[in-house]
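S.K.: Residue numbers (this note's numbering), protein chains in the order written: chain A, 1 to 230; chain B, 1 to 112; chain C, 1 to 198; chain D, 1 to 533.
Hints are computed from structural coordinates only; laboratory data are not their basis. Just to be clear, a hint being listed does not mean it is correct.
Covered stretches of chain C, going by a simulated chain B footprint (3 or more residues, C-beta under 8 Å) [stated by the list, open to error]:
no., stretch
1, 32-44
2, 107-115
3, 151-163
4, 169-175
The beta-carbon is built from N, C-alpha and C at its ideal position, and this holds for glycine as well.
The primary structure of each chain is shown beneath.
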Amino acid sequence: MSRRLFLIAMLGVLFVVFTLSMIELESLYNNYGMRYFLNEGFDDTGSRNLVTAILLDYRLFDSLFEAGILLIAVSGVIWISKHDVEEKNAQFMLDKYKTPDLFVTFSRLVYPLMLAFGFYVIINGHVSPGGGFQGGAIVATAILILYYIDGNKETNIGLIVTIEKIIYLLIILLASLSFFTRGEFFTNFFVPSANPDLKAIYLVLLNVFIGFKVALGLWTIFTAFLKEGR
Amino acid sequence: MNPILTFIVILIGFYGLSTSDNIIKSVFCVTIIESGVILLFLNLGNFEGGAIPILNDHLVDIVDPLPQALMITTIVIGSTVTALSLMLCIKIFHHYGTVEWAEVLRREDVKS
Amino acid sequence: MVDYILNLTLIEITAYALQFLLIFIAVAIVVHKNNGTIIILIASFSLVTASLYIINNAPDVAIAEVAIGSAIIPLIYVISISRQREFIVLDKAMDDFIISDNQMTGIGFILLKRFSDFYHLEINITNDPMLGKVESGRDQVLLEETNVDLIVTKDPDHEGGYLLKGKASSLLLNKLETMLDDYDNVRMIKYKDRDIGE
Amino acid sequence: MINIPILLIFLPVVTSILVYLFKWKHMNIVVLGSQLILTILAAIYFGHFYGQFEHTHLVLGGWDHRIGISLANDELSMSFIFLSIFTWWMVLAYTFKYGKTDHTFLFFLVFLQGVFLGLLQSNDLFNLFVFLELTTIIVTILIAYKKRGESFRAAIYYILLNTSGVLLFLIGIILIYFTFGTINIVYLHETLTPGDDTMVLRLSYILLMAGISVKSALFPVFTWLPKAHGAAQSAISALLSGLVVKGGIYLFFRMNFLYDNVGIHYGDFFYWVGALTAVVGVMFALSQKDIKQILAFHTVSQIGIIMMGLSSSDANTFYGGVLHTFNHAFFKSLLFLGAGVIIQVYRTKKVTEIRGVMRSMPVVSVFMIIGMLSITGAPFFNGFISKSIIKYGIEDSTIRYWILFAVNIGTATSFIKMSQIFFGPRTVSYPIKNMAQNFALFGFALGCITLGNFYIPFTESFFGIAYDQEFIHVGAFIDYAVTLGLGFMLYHFVISKDYKPIQNIRNFKLSFESANYVFIIYIVVMVTYFIWL
Chain A
1 MSRRLFLIAM LGVLFVVFTL SMIELESLYN NYGMRYFLNE GFDDTGSRNL VTAILLDYRL
61 FDSLFEAGIL LIAVSGVIWI SKHDVEEKNA QFMLDKYKTP DLFVTFSRLV YPLMLAFGFY
121 VIINGHVSPG GGFQGGAIVA TAILILYYID GNKETNIGLI VTIEKIIYLL IILLASLSFF
181 TRGEFFTNFF VPSANPDLKA IYLVLLNVFI GFKVALGLWT IFTAFLKEGR
Chain B
1 MNPILTFIVI LIGFYGLSTS DNIIKSVFCV TIIESGVILL FLNLGNFEGG AIPILNDHLV
61 DIVDPLPQAL MITTIVIGST VTALSLMLCI KIFHHYGTVE WAEVLRREDV KS
Chain C
1 MVDYILNLTL IEITAYALQF LLIFIAVAIV VHKNNGTIII LIASFSLVTA SLYIINNAPD
61 VAIAEVAIGS AIIPLIYVIS ISRQREFIVL DKAMDDFIIS DNQMTGIGFI LLKRFSDFYH
121 LEINITNDPM LGKVESGRDQ VLLEETNVDL IVTKDPDHEG GYLLKGKASS LLLNKLETML
181 DDYDNVRMIK YKDRDIGE
Chain D
1 MINIPILLIF LPVVTSILVY LFKWKHMNIV VLGSQLILTI LAAIYFGHFY GQFEHTHLVL
61 GGWDHRIGIS LANDELSMSF IFLSIFTWWM VLAYTFKYGK TDHTFLFFLV FLQGVFLGLL
121 QSNDLFNLFV FLELTTIIVT ILIAYKKRGE SFRAAIYYIL LNTSGVLLFL IGIILIYFTF
181 GTINIVYLHE TLTPGDDTMV LRLSYILLMA GISVKSALFP VFTWLPKAHG AAQSAISALL
241 SGLVVKGGIY LFFRMNFLYD NVGIHYGDFF YWVGALTAVV GVMFALSQKD IKQILAFHTV
301 SQIGIIMMGL SSSDANTFYG GVLHTFNHAF FKSLLFLGAG VIIQVYRTKK VTEIRGVMRS
361 MPVVSVFMII GMLSITGAPF FNGFISKSII KYGIEDSTIR YWILFAVNIG TATSFIKMSQ
421 IFFGPRTVSY PIKNMAQNFA LFGFALGCIT LGNFYIPFTE SFFGIAYDQE FIHVGAFIDY
481 AVTLGLGFML YHFVISKDYK PIQNIRNFKL SFESANYVFI IYIVVMVTYF IWL
C-alpha cells in the first residue's frame with residue numbers, strides 16, 4: 001500500500017510540474033505554424049482540408065513511413081500467428097459462434113452503406129474531413145462486417161499481403177514522381193502555381209492508394225486475429 | 001484547464017502500467033496513454049473561437065492543422081503497436097498458461 | 001471564478017464533462033479486475049475521446065479514431081481475451097475416454113471438467129480427423145506450432161491407459177498433473193521446448 | 001547529389017519489399033548488390049560534402065524549413081551511417097545461407113536498415129518519433145522471430161516499455177512545438193538562446209531524455225535489454241547490441257545539440273547515471289552463467305562507460321565516448337556472432353558446459369579472443385584506446401577514476417570466467433563449415449584491430465579531433481596486467497565459489513510493473529535535478 005501511495009506522490013510531482021509549465025506556456029505560445037498554413041496552405045497544395053494538405057504534401061515523408069509501420073506490423077502479425085503445421089490441419093477449432101439473424105440482416109443493410117461512405121471519405125479527402133487513412137479504416141470496418149454475416153469466410157491472406165506491398169511501392173513511386181517533374185522529392189508533381197483542380201488529381205490519386213493500402217493492411221490484421229480466435 | 005485534465009489521464013495510464021500485474025492490462029494502459037497524448041496535442045492546438053482547419057471562401061481563424069496531421073499518424077502507430085502486442089499476448093498465454101507478468105517472467109526456460 | 005463558471009458556453013461545459021468522464025473511465029479501466037468489463041470500457045473510452053476530438057475542432061482525427069479505435073481495436077481485444085478463457089484439447093484417442101455414447105461423460109472428461117472449473121476455463125474438445133492422421137512423433141510440433149493446449153492419446157505401453165501430452169512451460173498443466181494422482185491409468189508427458197539453435 | 005540521403009533510406013526499403021514479393025532463391029545476392037550500391041552512394045556523398053556539411057540541409061518538398069520535414073547530415077551522422085552499413089554487411093554475410101530460404105527474415109532485416117539510416121539523418125523531431133517507433137516495432141518482431149516462449153516474453157516486455165518511453169518523447173515534442181512553432185532540430189539549435197530557458201523547455205528536455213533513456217537502456221530502465229538480446233538469434237543480438245541500441249545514444253547527443261545554447265548542465269547527472277549503469281551491468285554480468293546473458297549485460301555496462309564519456313563537457317572526452325560506441329559496436333558484434341557459432345555447435349548456452357572450443361574451432365576461438373581482449377581493454381586493441389581517452393578525461397576526480405577502474409576489473413573477471421570455454425578436451429566435432437560466418441567474424445575482428453592502431457586518421461576525419469597523446473606506454477601494460485590480475489583473483493576467490501548473494505543477483509528479475517515504477521521515479525529525479533536544483 002505504501003508503494004502505491006509513494007507512486008501517487010511521484011505522479012503528483014509530475015502533475016504539479018506540468019501544471020506550472022502549462023501556466024507558463026500561455027505566455028510563450030507560438031502560432032507560427034497556424035498562420036503559415038492559413039495563409040499559404042491552399043495556394044501551396046490545392047487542398048482545402050489543411051490536414052490532408054499536411055499529410056499528403058508538407059509532411060508526406062512521415063505519411064510514407066506511417067504506411068510503412070502498417071506494412072511492417074501486418075507482416076509481423078502474420079509471421080507470429082503463422083503455423084508451420086499445414087493450415088488445413090489447423091482448422092479444428094469449434095465453430096459454435098452463430099450471429100443472430102436480426103444482426104445479419106442489419107449488417108447486410110449497413111455493409112454497402114459503410115463501404116460507400118469509406119470511398120466517399122477517401123475520394124473527398126482534400127475538400128472535407130477524411131482522407132486515405134481514415135477512409136481506409138472505414139472500408140476495413142465494412143469488410144469486418146462481412147465476417148459477421150458469414151463467419152466461415154475464407155480469405156487468401158497471401159494475396160492480400162502481396163497486393164498491399166505492391167500498392168506501397170506504388171505510393172513511393174507516386175510520391176517521388178515530383179522529383180522528375182520539378183526536382184523536389186515527396187510533394188505534388190504539379191508546380192505550386194498550377195490550377196488547384198489539377199493539383200487535386202494528385203491528392204485524390206494518393207488518397208486512393210493510401211486508402212487501399214490501409215484497408216488491406218487492417219483487413220489482414222483482423223483476419224489473422226479472427227483465425228487465432230476461431 | 002483542458003490540457004491539465006488530459007494530463008491526468010496520461011498519469012492514470014502510467015499508474016496502471018506500474019501497478020498492473022496482467023499483460024493485457026498493460027496493453028490497455030498503453031492505449032490510454034496514447035489516447036491521452038493525442039488529446040493533449042489537440043487540446044493545446046485548439047483555442048476559443050477557432051474553426052476546423054478546412055478552408056472556406058471566407059477567411060476565419062482556424063485551429064492549427066499540424067497537430068491533427070501528426071496525431072493521425074500517432075493513431076495508426078498506436079493501433080499497430082496494440083495489434084502486435086495482443087498477438088504476442090495470445091502466444092504467451094498459449095505457451096505459459098498465464099498472462100500474469102510475475103508468473104510469465106518467473107517460469108524457468110525449460111530446454112531439452 | 002463564479003463569473004467564469006456562469007459564462008461557460010454549452011460547448012465548454014460539454015468539453016469539461018467529457019474530460020471528467022474520460023478520467024472516470026480511465027480510472028475504471030485501471031482498477032477493474034474483470035477483463036470483460038474492461039472491453040466495454042475501452043470502447044466507450046475510445047468514443048469519448050473521439051467526441052472530444054470533435055469538440056477540439058479535429059474532425060479528421062475523430063474519424064480516424066472512430067474507425068480504428070471503436071471497431072477494430074475492441075475486436076482484437078475481445079479475441080485475445082476470449083482466447084484466455086479457452087483450453088483446447090485435441091482428442092486423438094477417439095474412444096469412450098472422453099466421449100461415451102455421444103455424451104461427454106467419460107472419466108477423462110470429468111477430470112478435465114474438474115480441472116477447468118478450478119481455473120474458470122472453458123474446455124474446447126476437438127477431434128479433427130485430419131489431425132488424427134498426423135503421426136505421433138509430431139505431437140510436440142503440433143503443441144508448439146498450433147494453439148492446442150493438450151493432446152489425449154492412448155498409451156502404447158499400457159493396455160487401456162491414456163497419455164496426456166502438454167508443454168512443460170505451461171503453468172496450467174502443473175495443476176492438472178497433481179490431479180492425475182487419483183487416476184491409475186492416465187499418465188502425463190510434458191514436452192520441453194525444442195532448441196532450434198540459432 | 002544533395003538528394004542521396006533519400007536514396008540511402010529508400011534503397012533498402014524498396015529492396016526489402018522486393019525480397020518479400022519475389023521469394024526467389026538468389027534474392028540474398030540482390031540484397032548484397034543493393035548493399036554495394038548503398039555503400040558507393042554513401043561514399044560519394046561523403047566525398048562530395050566533406051568539410052562543408054552545413055550545405056546538406058535538405059527540406060523535402062522544397063517548403064519553408066520551419067514547416068517541411070528536413071534531413072541533415074554532419075560528420076557524426078556520416079560516421080554512424082558508415083558504421084551501420086558495415087554492420088549490415090557483416091550481418092548479411094553471417095546470415096547468407098539462412099537468407100536463401102527465409103525471406104521474411106531478410107525482409108525485416110533489410111527494412112530495418114533503411115529505417116535506421118532514416119533515424120540517423122532525420123532533422124525533424126516528429127519524424128524521429130516515427131522512426132523510433134518503427135525501429136521498436138521491427139526490433140520486436142525480430143526478437144520474437146524464433147517463436148519460442150522466451151522470445152515472446154522478451155518481445156512484449158520490450159515493446160510495452162519502449163512504447164511508453166517513446167510516448168513521453170512525443171509529449172516533449174508537443175511542448176517544443178507549441179513554444180517555438182517548429183520542430184526542426186537545426187533551426188531550433190540556432191534560435192534557442194539562454195533567454196529561452198523556461199520551465200516548459202526544461203520539462204520538454206526531461207521528457208525527451210526519459211524516452212531516450214529507455215531506448216538506450218540507461219540505469220533504472222535497462223531491464224528490457226538483457227531479456228531481448230539474450231532471447232534473439234545471435235545475428236540479431238549482434239545487430240541490436242552493436243548498433244540499434246546506439247540509436248538511443250545517437251539521439252542523446254542529437255538532443256543535447258538541440259539544447260546546446262540554452263545552457264542546461266546535464267553533465268554531472270548523466271555521468272552518475274552512466275556510472276550506475278556500468279556498475280550494475282557488470283554486477284549482473286558477473287552472476288550470469290548463460291553466455292548470451294553475460295554478453296547482453298556487458299552491453300549495459302559498456303553503455304554506462306559510453307555515457308561516462310559523453311557526459312563530459314571536454315571535447316576530447318566526449319569524442320572518446322563517441323569512439324567507444326564504435327569500438328563497442330565492433331567487439332560486441334564480434335562476440336555475439338562468435339557465441340552464435342559456438343552455441344550452434346555445442347547446442348547449449350551454459351558457460352559451465354562448453355569446453356574445448358580451442359581444439360574444436362580454432363579459427364572462431366582466435367576471433368573470440370580478439371573480441372575479449374578488446375572489451376577488457378588490452379593495448380593494441382580498440383577498447384583500450386577509447387577507455388584510455390575516457391580515463392584520462394575523468395582522471396581529475398578520484399572517485400570517478402576508481403569507478404571506471406572497478407568496472408574494468410569486473411569486465412576482466414567476467415571474461416576470464418568466459419574464457420574457460422576455450423580450454424579442456426575436445427568434446428564435439430565441428431561439422432559446420434560456413435565460410436560466410438567466418439568472413440563476418442573476420443570483418444569485425446579486423447575492425448577491432450584497425451581501430452585499435454590507426455584511430456588517429458579516423459577521429460581526425462570524422463570528429464575533427466586528433467588524439468596526439470601516446471596511449472601505449474609501459475604504464476598502460478602494467479595497468480592492464482593489474483586489471484587482469486585483480487580480475488583473476490576476484491574470479492578465483494569470489495565468483496567461482498558461487499555464493500548465495502551471487503545466486504540471488506542471478507535470480508533477480510525485475511517485473512514489468514516495477515520497471516515502470518522505477519521509470520517514474522527516474523523521471524521525478526530528473527525533474528528534481530533539472531528544474532528545482
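S.K.: The structure should be examined with respect to each hint, and the outcome stated for every one.
M.R.: Hints versus structure:
1. 32-44: holds (count 3)
2. 107-115: That given contact is violated, which follows from only 0 residues of the stretch 107-115 of chain C lying within Cβ reach (below 8 Å) of chain B.
3. 151-163: violated (count 0)
4. 169-175: Satisfied; 5 residues make the cut.
Of the numbered hints given earlier, the model fails hints 2 and 3; all others are met.
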